[in-house]
Amino acid sequence: MATRLWSITSRLRNFWWQPFSARNFGSTPKALAGSTVDPKEVSKFTQQANEWWNGPYHLLYTMNSLRVPLVIKKPLPLQGYKVIDVGCGGGILAEPLARLGAEVTGLDPGLENIEAAKEHASRDEEIKTRLNYVCDTIENVVTVSPGQFDAVVCSEVIEHVADVPTFVNCCVELVKEGGSLFFTTINRTTVSYFAAILGAEYVLNLVPRGTHDWNKFVQPSELSEMLKGLNCRIVSVEGMLLNPLTKTWSWCSNTSASYALHAIK
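Using the numbering used here, count along the sequence shown one by one with no gaps and you end on 300.
A couple of the hints might just be wrong.
[Claimed, not checked] Here are the computed lysine-lysine pairs in the DSSO-like style, where the Cα-Cα straight-line distance is at most 27 Å: (1) Lys263 - Lys300; (2) Lys251 - Lys282; (3) Lys211 - Lys300; (4) Lys282 - Lys211; (5) Lys300 - Lys282; (6) Lys211 - Lys117; (7) Lys117 - Lys75; (8) Lys300 - Lys251; (9) Lys251 - Lys75; (10) Lys153 - Lys163; (11) Lys282 - Lys117; (12) Lys300 - Lys117; (13) Lys211 - Lys263; (14) Lys75 - Lys153; (15) Lys153 - Lys117.
[As the list claims (entries may be wrong)] Listed next, with one range per pair, are the computed distances between beta-carbon atoms: (16) Thr283 - Phe229: 17 to 25 Å; (17) Asn250 - Lys163: 35 to 43 Å; (18) Cys287 - Val238: 15 to 23 Å; (19) Ser157 - Gly136: 17 to 25 Å.
The set of hints was computed from the structure by calculation and includes no laboratory data. Here a beta-carbon is modelled for each residue, glycine too, at the ideal position from N, C-alpha and C.
Can you build the whole structure from these sequences, using the hints too?
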């Protein structure tokens, strides 16, 4: 316990005394020159690829109670719709979307993650024909499949990429005109530092330590401006609240920790 308290105290001291340097994303995304993949971030998840469905990613599974309705509560009958789940990991969100009738492409740069997703989907005859898992980067896929999807889903991913503006640009390029983009992620606020990092990782051990980097979190205003700069219309921004005792999620009006954003191209 003493060691844990010392660790938390040290992190708090570093947090409060380091100079704040908010990233100037700008409203105009960069050209598709560099990679959006951060190898260190990918490694965090591929090292635990065998635990996508029965380990530390349980909160992502319970988050489906919000993530799935976020997509289907809009006028998007999923039967016959083409959806791409960017950064799909082990398929925790891709599978329920396929069960609702969508033709789902699960995209992830981590081979171990894709293998885990394919293995899990192979157990369900109902969905495996509607799921196509691809191990690749979004900037590669967008060169061969621009404007091919009715919806792009990017859930708990944008905070792990190397180049946020380029990543958002790629997401927009993948969706058809009039199609939807759905993002869920963590805001960059003092509240999110205490909740998502100190609380979730170091006190309650809800997710592995080191999963998140507060400096890589993206604020709703930043994401909105990037999307508007790409001629997208923001439909809604809603807060997401985790109950750490029941490990369940609910919608809320406060976006200071986690939030969901829906935009239309």
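Q | Pairwise hint evaluation, Lys282 against Lys300, where the allowed Cα distance is 27 Å at most | A | Violated, at roughly 33 Å.
Q: Take the C-alpha atoms of Lys211 and Lys263, compute the straight-line distance between them, and say whether it is at most 27 Å.
A: OK: Lys211 and Lys263 at ~16 Å, within 27 Å.
Q: Compare the distance between the alpha carbons of Lys153 and Lys163 with 27 Å, and conclude whether the hinted pair is satisfied.
A: At roughly 8 Å apart (the allowed maximum being 27 Å), Lys163 and Lys153 satisfy the hint.
Q) CA of Lys211 to CA of Lys300, is that 27 Å or under? A) Given pair Lys211, Lys300 holds - Cα atoms ~7 Å apart, limit 27 Å.
Q | Distance restraint hint 17 to 25 Å, applied to the beta-carbon atoms of Ser157 and Gly136 | A | holds (19 Å)
Q: Please work out if Lys75 and Lys153 have their alpha carbons no farther apart than 27 Å.
A: Roughly 23 Å separates the two Cα atoms, so the pair holds.
(Q) For Lys251 and Lys75, compute the direct alpha-carbon distance and say whether it is at most 27 Å. (A) holds (13 Å)
(Q) Need the status of pair Lys117, Lys75: alpha-carbon distance at most 27 Å? (A) Cα-Cα ~30 Å, so violated.
Q) Okay, Thr283 versus Phe229 on CB: inside 17 to 25 Å? A) Check passed, 20 Å falls within 17 to 25 Å.
Q. Holds or violated: Lys153 with Lys117, Cα cutoff 27 Å?
A. holds (18 Å)
Q. Is the Cα-Cα distance between Lys282 and Lys211 27 Å or less?
A. violated (35 Å)
Q.
Checking one constraint from the list: CA of Lys282 to CA of Lys117, max 27 Å. Satisfied?
A. violated (31 Å)
The structure is inconsistent with the numbered hints 4, 5, 7 and 11, although it conforms to all the rest.
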